[in-house]
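Q: On the provided structure of chain W, position chain U as indicated by the hints.
Residue numbers (my numbering), protein chains in the order written: chain W, 1 to 76; chain U, 77 to 321.
Worth flagging that the hints you see were computed from the coordinates, not collected in a lab. Warning: the hint list may mix true and false statements.
[Unchecked claim] Derived contacts from chain W toward chain U, CB cut-off under 8 Å, selection only:
{"#": "1", "residue": "T49"}
{"#": "2", "residue": "F52"}
{"#": "3", "residue": "I53"}
{"#": "4", "residue": "A56"}
{"#": "5", "residue": "L63"}
{"#": "6", "residue": "Y64"}
{"#": "7", "residue": "V67"}
[To be verified] Pairwise CB distance ranges, derived in the manner of DEER restraints:
{"#": "8", "chain 1": "W", "residue 1": "F52", "chain 2": "U", "residue 2": "G153", "range": "13 to 21 Å"}
{"#": "9", "chain 1": "W", "residue 1": "A43", "chain 2": "U", "residue 2": "I128", "range": "27 to 35 Å"}
{"#": "10", "chain 1": "U", "residue 1": "M138", "chain 2": "W", "residue 2": "F57", "range": "21 to 29 Å"}
{"#": "11", "chain 1": "W", "residue 1": "I24", "chain 2": "U", "residue 2": "I96", "range": "45 to 53 Å"}
Note that the structure is predicted; figures quoted are calculated from it, not measured. Yeah, the Cβ is synthetic: ideal placement off N, Cα and C, and Gly gets one too.
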Amino acid sequence: MDPKTAALITAGFTMAIGGIGPAIAIGSLVGKALEGIARQPEAGGQIQTAMFIGIAFAEAIALYALVVAFLLIFVA
Amino acid sequence: MHILEHFHLKVIVPIEVFGIDISITNLTLSLFAAAAVFLTLLILLALKPKIIPGKRQIVIEMLLVFIKRNLVYNMIGKKEGDRWVPLIGGIFIFVLANNLIGLIPGLYTPTSNPMVPVTLAVIVFFTVQITNLRMHGFKGIVRTLAPAAVPSWMYVIVVPIETISMIAKPFSLFIRLMANMLAGHTIIFVLFGLILYFKSYFIAIPVIPFAVIMTIFEIFVSAIQAYIFAVLSAMYIGEAVKPKH
Numbered sequence: 001m002d003p004k005t006a007a008l009i010t011a012g013f014t015m016a017i018g019g020i021g022p023a024i025a026i027g028s029l030v031g032k033a034l035e036g037i038a039r040q041p042e043a044g045g046q047i048q049t050a051m052f053i054g055i056a057f058a059e060a061i062a063l064y065a066l067v068v069a070f071l072l073i074f075v076a
Numbered sequence: 077m078h079i080l081e082h083f084h085l086k087v088i089v090p091i092e093v094f095g096i097d098i099s100i101t102n103l104t105l106s107l108f109a110a111a112a113v114f115l116t117l118l119i120l121l122a123l124k125p126k127i128i129p130g131k132r133q134i135v136i137e138m139l140l141v142f143i144k145r146n147l148v149y150n151m152i153g154k155k156e157g158d159r160w161v162p163l164i165g166g167i168f169i170f171v172l173a174n175n176l177i178g179l180i181p182g183l184y185t186p187t188s189n190p191m192v193p194v195t196l197a198v199i200v201f202f203t204v205q206i207t208n209l210r211m212h213g214f215k216g217i218v219r220t221l222a223p224a225a226v227p228s229w230m231y232v233i234v235v236p237i238e239t240i241s242m243i244a245k246p247f248s249l250f251i252r253l254m255a256n257m258l259a260g261h262t263i264i265f266v267l268f269g270l271i272l273y274f275k276s277y278f279i280a281i282p283v284i285p286f287a288v289i290m291t292i293f294e295i296f297v298s299a300i301q302a303y304i305f306a307v308l309s310a311m312y313i314g315e316a317v318k319p320k321h
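Just chain W, same shape as in the assembly (with noise of 0.2 Å):
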């Protein structure tokens, strides 16, 4: 197998394996959220900006293997 191929199917699992993490993350953190805005109304948007603030921590790491996936495609 030459390197670009290599590089190549490396991107693809890296983003591939890199998104379940942030995914399950997501799914508990909205589902959390959720639970707690159904619970008490009056503290959603307090509750909302902690779960927006989580997500964006969470995102960072399938987004720091979309850029590793990238840093493959086009620079291996």
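A: Chain U only, in chain W's frame:
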């Protein structure tokens, strides 16, 4: 056709001052466009303010109250907050303007080029460090790196971790904004690229509704990312203003 073709810089007016390249590229033009559009909009909205706001004035008052209450007071606190409203508001509106201007076909997204978010992240990093130094002195920076609540033998582990996290904060700020903008615009580009790739107009029937949905989603993401960038900057500044440990 290259998949990241619309992220390539094209020099429009080459300018060089003392060996430093400051040419006007399509990125600079988009920055100017974003600044022009948003400045005119904000000035028009804020023209002739009255004590009882009209329809036009209420939009800008809502924006400012949102920045003040949701971003600054929540993260920095009421006592110290007022000083930071211009910086956080500037970051928020700048990032929002540059995210949204990239959605207009033919214009470059300034925030998808690494250099623009890096500059913003460096500004936030130095603001945090200098604020920490000014408000708590040299002890403040030592306390951020080696929290007092930790037993002294743990410093071997804690100090390297805190040092890395100090550098990782602005780095993740920059990567998050850049990668989000790059990814969203690439998805729209790939969708339209499918029409050219298969050389068939029938592909356009499923592609165009999906691209419209993605574009609407991108407007949402642009606003969310501007909010996230501003709120995290405010959070890091808040940590420097009133350290927890």
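Q: Indicate, hint by hint, whether the structure satisfies it.
A: Cross-check of the supplied hints:
For T49/W, the interface hint holds, since its Cβ comes within 8 Å of a Cβ in chain U; the closest pair sits about 7 Å apart. Nearest Cβ of chain U to the Cβ of F52/W: about 7 Å, under the 8 Å cut. The hint holds. The beta carbon of I53/W is positioned within 8 Å of a beta carbon in chain U (closest approach about 6 Å), and the interface hint is therefore held. The beta carbon of A56/W is positioned within 8 Å of a beta carbon in chain U (closest approach about 4 Å), and the interface hint is therefore held.
For the restraint placing L63/W at the interface with chain U, the shortest Cβ-Cβ distance is roughly 4 Å, inside the 8 Å limit, so the hint holds. Of the supplied interface hints, the one on Y64/W holds, with its beta-carbon coming within about 6 Å of a beta-carbon of chain U, less than 8 Å. Annotation: interface hint on V67/W holds; nearest CB of chain U at approximately 6 Å, less than 8 Å. Evaluation of the 13 to 21 Å hint for F52/W and G153/U yields a pass: the beta carbon distance comes to about 20 Å.
Roughly 32 Å separates the CB atoms of A43/W and I128/U, a value that falls within the hinted 27 to 35 Å. For M138/U and F57/W, the hinted distance range of 21 to 29 Å is satisfied, since their beta carbons lie about 28 Å from each other. Our hint of 45 to 53 Å for I24/W and I96/U holds, since their Cβ atoms are close to 47 Å apart.
Every hint from the earlier list agrees with this structure, and none is contradicted.
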